[in-house]
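Student: This is what each chain is made of:
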Amino acid sequence: MLNFVKFFRIRDKRLRLVGWIVHNTFIVDKPRLRTLEFAASSTIVKMKGPVKVGALCELCHCRKAVMRRPKNLQKLCKVCFIAVFEEEIHNTITREKLFHRGESVAIGASGGKDSTVLAAVMKTLNERYDYGLHLVLLSIDEGIVGYRDDSLATVKRNRAQYGMPLEIVSYKQLYDWTMDEIVACTGIKSSCTYCGVFRRQALDRGALKLGIHHIVTGHNADDMAETVLLNLLRGDTARIERSVSISTNSTGSPVKRSKPFKYAYEKEIVLYAHYRKLDYFSTECTYSPQAFRGTARTLLKNLESVRPSSILDIIRSGEQFRLKPRGKKRNANREMEVRADGSVSLGNRDGNRCERCGYLSTNRICKACIPS
Amino acid sequence: MELYGMCSGEQEDLCGRCRKHATIVVSRKEHFCKDCFLKFIRVKQRKQMKGDLYKVKFGKSEDEIKNKTVNLLFPFLFTQSSLVLADALIYWLKEQVSMSSKAHVGFYLTIFFLGLDKPLENVKQCMSSLESRYGGAEMLEELHISFTLADGDTFISSNGSQEYLVSTANEAFCINENVPKLKTLHEFFSNIGNPSSKEYFMDIVKDLIIGDYCLKKHFSHVVLPYSMSELAISTLSYTVGGSGERIGAVIGSKTREENSNTFDFLYPLRDVLQYEIEKYTDLCGTSGFVNENKGNALKSVRSKSMNELIGGYFGSIQGEYPEAVSTVVKIASKLSGPPNKKDFKKCQICHNVVLDDPERWINGLTVLEGVPPSNEEEIENLRRYKESSFAKEKECIPKDAERVTICYGCMVAIKSTGSSCLYWPTFV
Numbered sequence: 001m002l003n004f005v006k007f008f009r010i011r012d013k014r015l016r017l018v019g020w021i022v023h024n025t026f027i028v029d030k031p032r033l034r035t036l037e038f039a040a041s042s043t044i045v046k047m048k049g050p051v052k053v054g055a056l057c058e059l060c061h062c063r064k065a066v067m068r069r070p071k072n073l074q075k076l077c078k079v080c081f082i083a084v085f086e087e088e089i090h091n092t093i094t095r096e097k098l099f100h101r102g103e104s105v106a107i108g109a110s111g112g113k114d115s116t117v118l119a120a121v122m123k124t125l126n127e128r129y130d131y132g133l134h135l136v137l138l139s140i141d142e143g144i145v146g147y148r149d150d151s152l153a154t155v156k157r158n159r160a161q162y163g164m165p166l167e168i169v170s171y172k173q174l175y176d177w178t179m180d181e182i183v184a185c186t187g188i189k190s191s192c193t194y195c196g197v198f199r200r201q202a203l204d205r206g207a208l209k210l211g212i213h214h215i216v217t218g219h220n221a222d223d224m225a226e227t228v229l230l231n232l233l234r235g236d237t238a239r240i241e242r243s244v245s246i247s248t249n250s251t252g253s254p255v256k257r258s259k260p261f262k263y264a265y266e267k268e269i270v271l272y273a274h275y276r277k278l279d280y281f282s283t284e285c286t287y288s289p290q291a292f293r294g295t296a297r298t299l300l301k302n303l304e305s306v307r308p309s310s311i312l313d314i315i316r317s318g319e320q321f322r323l324k325p326r327g328k329k330r331n332a333n334r335e336m337e338v339r340a341d342g343s344v345s346l347g348n349r350d351g352n353r354c355e356r357c358g359y360l361s362t363n364r365i366c367k368a369c370i371p372s
Numbered sequence: 001m002e003l004y005g006m007c008s009g010e011q012e013d014l015c016g017r018c019r020k021h022a023t024i025v026v027s028r029k030e031h032f033c034k035d036c037f038l039k040f041i042r043v044k045q046r047k048q049m050k051g052d053l054y055k056v057k058f059g060k061s062e063d064e065i066k067n068k069t070v071n072l073l074f075p076f077l078f079t080q081s082s083l084v085l086a087d088a089l090i091y092w093l094k095e096q097v098s099m100s101s102k103a104h105v106g107f108y109l110t111i112f113f114l115g116l117d118k119p120l121e122n123v124k125q126c127m128s129s130l131e132s133r134y135g136g137a138e139m140l141e142e143l144h145i146s147f148t149l150a151d152g153d154t155f156i157s158s159n160g161s162q163e164y165l166v167s168t169a170n171e172a173f174c175i176n177e178n179v180p181k182l183k184t185l186h187e188f189f190s191n192i193g194n195p196s197s198k199e200y201f202m203d204i205v206k207d208l209i210i211g212d213y214c215l216k217k218h219f220s221h222v223v224l225p226y227s228m229s230e231l232a233i234s235t236l237s238y239t240v241g242g243s244g245e246r247i248g249a250v251i252g253s254k255t256r257e258e259n260s261n262t263f264d265f266l267y268p269l270r271d272v273l274q275y276e277i278e279k280y281t282d283l284c285g286t287s288g289f290v291n292e293n294k295g296n297a298l299k300s301v302r303s304k305s306m307n308e309l310i311g312g313y314f315g316s317i318q319g320e321y322p323e324a325v326s327t328v329v330k331i332a333s334k335l336s337g338p339p340n341k342k343d344f345k346k347c348q349i350c351h352n353v354v355l356d357d358p359e360r361w362i363n364g365l366t367v368l369e370g371v372p373p374s375n376e377e378e379i380e381n382l383r384r385y386k387e388s389s390f391a392k393e394k395e396c397i398p399k400d401a402e403r404v405t406i407c408y409g410c411m412v413a414i415k416s417t418g419s420s421c422l423y424w425p426t427f428v
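From first to last, the protein sequence lines stand for chains A and H.
Residue 133 in full-length UniProt numbering is what sits at position 133 of the first sequence, and the numbering runs on without skipping anything.
Residue 157 in full-length UniProt numbering is what sits at position 157 of the second sequence, and the numbering runs on without skipping anything.
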């Protein structure tokens with residue numbers, strides 16, 4: 001006897017995750033995504049009976065497994081999955097000593113799955129383990145019509161759902177440009193370069209406006225692994241050693257950034273959002289193609305399909321990368337660049353400031369000020 | 001970027017170097033005729049081997065310069081790159097002895113044929129084809145080139161066998177008693193079902209056999225036949241396999257230490273791209289000497305190995321981002337290897353330094369405790385589980401299993417075999 005109550009399709013475009021929800025059980029369309037095998041292999045849910053022992057969760061052995069954990073392919077029940085997911089984030093936070101009691105922390109919130117789950121998990125852990133943190137949602141409005149306006153609506157709903165204050169900082173306010181205007185001038189290909197530079201600064205400025213010196217972002221393990229591969233493929237010696245740093249804080253920078261989801265798989269974040277029925281916005285940015293990053297992402301997804309642990313393995317490798325010690329440049333201390341306008345180069349030291357806006361910059365003028 | 005087939009002899013199709021012959025290959029935006037292209041590749045090889053060590057030696061008699069001449073080991077790995085390096089080295093030696101009546105070879109070359117899972121017949125066939133191509137045994141002797149066949153089977157069977165296990169809690173165990181003895185390399189490799197793990201362990205066996213031969217025959221200089229593209233694949237492969245620290249040791253360093261002996265490892269083809277390798281063997285007519293498996297295009301993504309996926313990736317971006325391969329190798333050469341201090345533990349399998357206790361690292365990231373039962377039904381389920389065969393069968397580590405240290409790369413490769421166990425020859 002069939003026992004359907006609801007029957008609808010959900011779709012997460014980025015993961016190409018397609019399935020149905022039947023009696024609150026998520027069933028993946030197998031041919032589309034074989035790595036996630038859920039409760040049943042067919043869409044027919046039979047009448048309840050005693051759970052077969054072989055179908056029990058591999059951790060608690062007392063509830064029915066409803067999923068295979070993408071990270072290690074363990075069969076887990078919903079309760080155990082949510083518990084281990086949160087516990088692992090808590091372990092990361094405590095092991096890396098990310099926060100201190102009484103600290104105000106801004107959560108970089110875009111309305112997407114990562115930042116929504118981050119807000120939900122941070123709120124849960126802050127209450128459960130009494131971190132004593134003051135959490136604030138901080139959003140950036142890049143000015144992309146049809147994308148950011150819709151996702152900001154989600155963030156506004158999150159504000160009410162999690163009871164956190166929300167601050168929205170827009171590119172228009174800060175730079176007098178929206179991303180739509182920038183793309184109209186420069187074309188779509190370099191849009192992410194501009195947006196990345198502006199967003200980083202906008203987050204810092206938004207946090208400082210609130211008197212906050214610590215931002216947490218929803219960068220996940222897949223993002224970290226992708227960055228390791230990209231830094232290798234681009235030969236980025238300046239970044240290779242810190243590709244997977246959980247916290248970044250430049251000398252002289254007033255704002256620290258942390259990534260509590262450093263070891264959390266993207267697929268698990270989606271599943272967590274699903275099981276906890278979180279409200280998130282799942283459309284990709286209109287200008288997102290990012291050709292080269294896209295190729296690295298495809299490679300990573302292929303590698304993950306062959307060996308699920310490869311995401312963590314890449315992070316592990318990234319943590320081991322060390323550059324050979326560089327020989328001292330001859331006369332390094334004596335050479336100084338004198339520019340055409342008579343000013344003297346500050347050198348490439350950490351902690352320099354932009355001459356126009358005063359923001360942290362390795363050059364005389366920061367990248368955000370150059371276009372203006 | 002290749003130009004297939006012969007070009008017409010029009011002005012614009014002339015070789016950019018000699019301006020005499022028709023262009024046969026276009027590589028790195030430059031037009032080459034056959035001779036100029038072969039020279040272009042050989043110069044790249046010689047650039048990597050520059051210095052007095054391999055230079056032509058002059059002396060009235062052979063004995064005079066014998067002590068100055070280095071013994072060079074070249075493991076022939078049955079790849080197109082191996083054919084190119086063999087050709088380039090032999091050509092170089094021929095050139096050296098023909099310089100003057102007092103000229104002698106700059107190095108004594110031993111070509112070590114390492115077939116691993118290749119049938120012995122194919123290995124022997126390739127050896128004899130190469131011998132006859134380069135003027136026969138007499139000519140090779142004159143150039144001080146010797147051919148040696150690596151006997152992987154003896155290497156495996158002369159040692160005992162061990163079984164390595166990795167538990168779900170990521171603990172590594174080794175069983176020494178009652179382990180079926182491995183007799184052939186083929187048997188050893190056929191025990192490993194996962195193609196990525198097989199590749200990983202094949203590389204380790206290859207390194208161990210080369211290292212063992214170097215120690216036994218007192219070789220301190222080795223040239224490895226890897227092209228730039230193959231080195232880029234290895235770099236990403238180490239990264240993806242969790243052995244990032246090995247990149248610096250293998251690709252970034254020119255020396256390796258083994259049993260307190262130092263070996264010089266060179267990659268003479270590290271500036272040569274794979275399509276140039278293929279074109280070179282085509283032009284030399286040696287491409288048929290080795291049979292490389294090229295059926296990858298037909299495989300599905302899930303049945304490919306890591307190296308095949310990475311190789312396919314580089315192939316797919318070659319058109320739009322041709323600099324990616326050289327960039328990866330360049331950055332790999334800037335990475336440092338793990339510190340080789342005596343107090344560091346070494347992996348029982350690959351003999352490399354083990355950094356940051358892999359077991360502790362991975363267990364720190366994964367919670368393996370579930371939520372206890374909270375109602376009658378769940379308590380009943382747990383009771384049924386405990387009584388079932390599932391609980392009894394669940395991972396049983398033999399009592400005589402010994403806890404051992406293995407590196408992260410080996411741990412991941414063993415876990416990926418499916419059975420989480422590996423039969424491994426007891427290398428000393």
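Note that these hints are calculated values from the structure, not bench results.
In this text the structure is predicted, and so the values were computed from the model without any measurement.
All residues carry an ideal CB built from backbone N, CA and C; glycine is no exception.
Each hint should be verified, as a subset may be incorrect.
Stated by the list, open to error - Some chain H residues near chain A, calculated using beta-carbon distances under 7 Å: (1) L53; (2) V56; (3) F58; (4) K60; (5) L165; (6) A169; (7) S300; (8) R302; (9) Y313; (10) K330; (11) S336.
Claimed, not checked - Below, computed lysine to any residue pairings styled on SDA-like, alpha-carbon distance capped at 25 Å: (12) K324(A) / S287(H); (13) K75(A) / V367(H); (14) K206(H) / K75(A); (15) K64(A) / K334(H); (16) K75(A) / K334(H).
Stated by the list, open to error - Covered stretches of chain A (chain H as the covering partner; in silico rule of three or more C-beta atoms under 8 Å from a C-beta of chain H): (17) 193-206; (18) 305-313.
Student: Take the hints in turn and mark each one as holding or not.
Tutor: Hint-by-hint comparison with the structure:
no., hint, in the structure
1, L53, "23 Å, violated"
2, V56, "32 Å, violated"
3, F58, "35 Å, violated"
4, K60, "42 Å, violated"
5, L165, "17 Å, violated"
6, A169, "12 Å, violated"
7, S300, "10 Å, violated"
8, R302, "6 Å, holds"
9, Y313, "5 Å, holds"
10, K330, "6 Å, holds"
11, S336, "4 Å, holds"
12, K324(A) / S287(H), "38 Å, violated"
13, K75(A) / V367(H), "14 Å, holds"
14, K206(H) / K75(A), "37 Å, violated"
15, K64(A) / K334(H), "50 Å, violated"
16, K75(A) / K334(H), "42 Å, violated"
17, 193-206, "violated (count 0)"
18, 305-313, "holds (count 7)"
Consistency with the previously given hints fails for numbers 1, 2, 3, 4, 5, 6, 7, 12, 14, 15, 16 and 17, ordered from lowest to highest.
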